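Undergrad: Sequence:
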Amino acid sequence: MRSSYLRLLWQLTWAEFKLLDQSTVTGFFWTLLQPALMFVVLYALFTRLLGHGVDNYPAYLVTGLVGWRFFEKSTSYALNSLKRKASLLRNFRFPRELIVLSAFGSVLIAHAAELVVLLGFLAAIGIRPGAGWLLLPLPVLLNILLALGVSMVLAMLVLVYEDMERIWSILMTAAFFLTPVFYPASMLTESQRGLLALNPMVHVLDAFRWSLLATPVSSIGAVVVLAGAAVLSAASFFLFRRNALRWMDRIISP
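Residue numbers (the working numbering): 1 to 254.
One or more hints might be untrue.
Stated by the list, open to error - Under the rule of at most 25 Å between Cα atoms (straight-line distance), these lysine to aspartate or glutamate pairs were calculated in the DMTMM-like manner:
hint, residue 1, residue 2
1, 83, 163
2, 18, 190
3, 83, 97
4, 18, 97
5, 83, 165
6, 83, 162
Claimed, not checked - With beta-carbon atoms standing in for the labels, derived distance ranges:
hint, residue 1, residue 2, range
7, 223, 195, 28 to 34 Å
8, 223, 134, 27 to 33 Å
9, 237, 116, 36 to 42 Å
10, 119, 185, 20 to 26 Å
11, 4, 47, 48 to 54 Å
To be clear, the hints were calculated from the coordinates, so they are not data collected in a lab.
Remember, it's a predicted structure, so these values are computed and weren't measured experimentally.
Even glycine gets a Cβ: it sits at the ideal position worked out from N, Cα and C.
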């Protein structure tokens, strides 16, 4: 990517970041406040029911929430990025994928802030920093590759299927309960855990918890998801550059 496009990508990303939650009273702090409120609600509801089989349930819950929220928010925000920037696309010529990447990148910046707060919270509740903390970039990279590949696919699909935003919202709601964000997979039967292993976000969250909480992780599952996410990201970029221009008239026509 040419240096001029890299500068443009950064400018677009920073502009998108400043727009995140700007309509709320708390502004950017809502980025941190929202997962905190979700944590309080889920902890109050499920700590007695689900917390007994987990060492340090608050740490387990908040780590899962931070990892899940990045995937959910980045894909949902990137999905409609081309429609949000229709006027810009109509008046200027530049690689269209920069719009999707900038939306994704703005959520990534917010995620970085959440990770800093997460580390501070874990230390405050008694989780001692270990060598695994130095490996946190690995699960973060795994999450980024998976979310980016899905984001590029969604950005294409929404150009063809206008209901994609509603469909994805429903799928994300269902996926939240099918991913061990607030409950341990150990409470499920072996056959249920086998089905759950087909969900790539299970392995992403396991990798997060392995890094920060030293919990067990399926190295095979993590490697498979990493390879699949890398292939998905590369393939989605190729397909986007090849097909997006054919569908772009749906959103940039006056």
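Undergrad: Taking the hints in turn, state whether each one holds.
TA: Cross-check of the supplied hints:
no., hint, result
1, 83 to 163, "holds (13 Å)"
2, 18 to 190, "violated (45 Å)"
3, 83 to 97, "holds (13 Å)"
4, 18 to 97, "holds (20 Å)"
5, 83 to 165, "holds (11 Å)"
6, 83 to 162, "holds (11 Å)"
7, 223 to 195: 28 to 34 Å, "violated (20 Å)"
8, 223 to 134: 27 to 33 Å, "violated (19 Å)"
9, 237 to 116: 36 to 42 Å, "violated (29 Å)"
10, 119 to 185: 20 to 26 Å, "holds (24 Å)"
11, 4 to 47: 48 to 54 Å, "holds (52 Å)"
Of the hints listed earlier, those the structure fails to meet are numbers 2, 7, 8 and 9, in rising order.
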